[in-house]
Amino acid sequence: DVKVTQSSRYLVKRTGEKVFLECVQDMDHENMFWYRQDPGLGLRLIYFSYDVKMKEKGDIPEGYSVSREKKERFSLILESASTNQTSMYLCASSGTGELFFGEGSRLTVL
Amino acid sequence: GQSLEQPSEVTAVEGAIVQINCTYQTSGFYGLSWYQQHDGGAPTFLSYNALDGLEETGRFSSFLSRSDSYGYLLLQELQMKDSASYFCAVQQAGTALIFGKGTTLSVSS
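Order-wise, the sequence lines are chains A and B.
Residues in the first sequence are numbered from 18 upward in steps of one, following the working numbering.
Residues in the second sequence are numbered from 659 upward in steps of one, following the working numbering.
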């Protein structure tokens, strides 16, 4: 069964903390993505990667960075968390077609 | 830039047919996808249209008109379990899927 696994389902962090959200896929997919989902705003693309060590900015990259050191792993980094980054974060991977999503990481920044 | 418009909410009763429309503005358009997301769950793929016309998968069908920058998802024989959010998403050249804001479908008995 195909799987995208996000390391933490729920996190609570303080303003200014560095936050790492990890995502691992077991489908040998080239493409990986990070979205954030907020009520009424749908899914907004933060960053994506088409290959190891490669990254592209999405629509809302400000305040975020990513790392793709291995094909199966794509990490989202909040260098200094702020309250407006409280959200649901969804990781996804794809081969040549549909996206497969993880279960999401709900981050609360206090 | 790009934009997608879809209704925020749709309500229907069991057994009915419902159509969720999606209009888009984008450049380098490749195709239109639809995803379903139940409360608390991950989005899951429903369908993809790259060419004009209707694609049918069981009770669900999806339509695309590239000339009108328009598509829709048609759900037939609605069931309570179809209550969910439905997202259209455009595939553009050189970038990732861009999603609409989603349509919440509520099915009542």
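Misleading hints may appear alongside valid ones.
To be verified - Here are the simulated DSSO-like pairs of lysine-lysine, each with C-alpha atoms no more than 30 Å apart in a straight line:
no., chain 1, residue 1, chain 2, residue 2
1, A, 87, A, 70
2, A, 35, A, 70
3, A, 70, A, 88
4, A, 30, A, 70
5, A, 74, B, 739
6, A, 88, A, 72
7, B, 739, A, 72
8, B, 739, A, 70
9, A, 20, A, 70
10, A, 72, A, 20
11, A, 88, A, 35
12, B, 739, B, 759
13, B, 739, A, 87
14, A, 35, A, 20
15, A, 35, B, 739
16, B, 759, A, 30
17, A, 87, A, 74
18, A, 20, A, 30
If you're looking for bench data, these hints aren't it; they were derived computationally from the structure.
On a predicted model such as this, the values are computed, not experimentally measured, just so you know.
Results of checking the hints against the structure:
{"no.": "1", "hint": "A:87 x A:70", "result": "holds (8 Å)"}
{"no.": "2", "hint": "A:35 x A:70", "result": "holds (21 Å)"}
{"no.": "3", "hint": "A:70 x A:88", "result": "holds (9 Å)"}
{"no.": "4", "hint": "A:30 x A:70", "result": "holds (27 Å)"}
{"no.": "5", "hint": "A:74 x B:739", "result": "violated (36 Å)"}
{"no.": "6", "hint": "A:88 x A:72", "result": "holds (12 Å)"}
{"no.": "7", "hint": "B:739 x A:72", "result": "violated (37 Å)"}
{"no.": "8", "hint": "B:739 x A:70", "result": "violated (41 Å)"}
{"no.": "9", "hint": "A:20 x A:70", "result": "holds (22 Å)"}
{"no.": "10", "hint": "A:72 x A:20", "result": "holds (22 Å)"}
{"no.": "11", "hint": "A:88 x A:35", "result": "holds (23 Å)"}
{"no.": "12", "hint": "B:739 x B:759", "result": "holds (21 Å)"}
{"no.": "13", "hint": "B:739 x A:87", "result": "violated (38 Å)"}
{"no.": "14", "hint": "A:35 x A:20", "result": "holds (27 Å)"}
{"no.": "15", "hint": "A:35 x B:739", "result": "violated (39 Å)"}
{"no.": "16", "hint": "B:759 x A:30", "result": "holds (27 Å)"}
{"no.": "17", "hint": "A:87 x A:74", "result": "holds (19 Å)"}
{"no.": "18", "hint": "A:20 x A:30", "result": "holds (27 Å)"}
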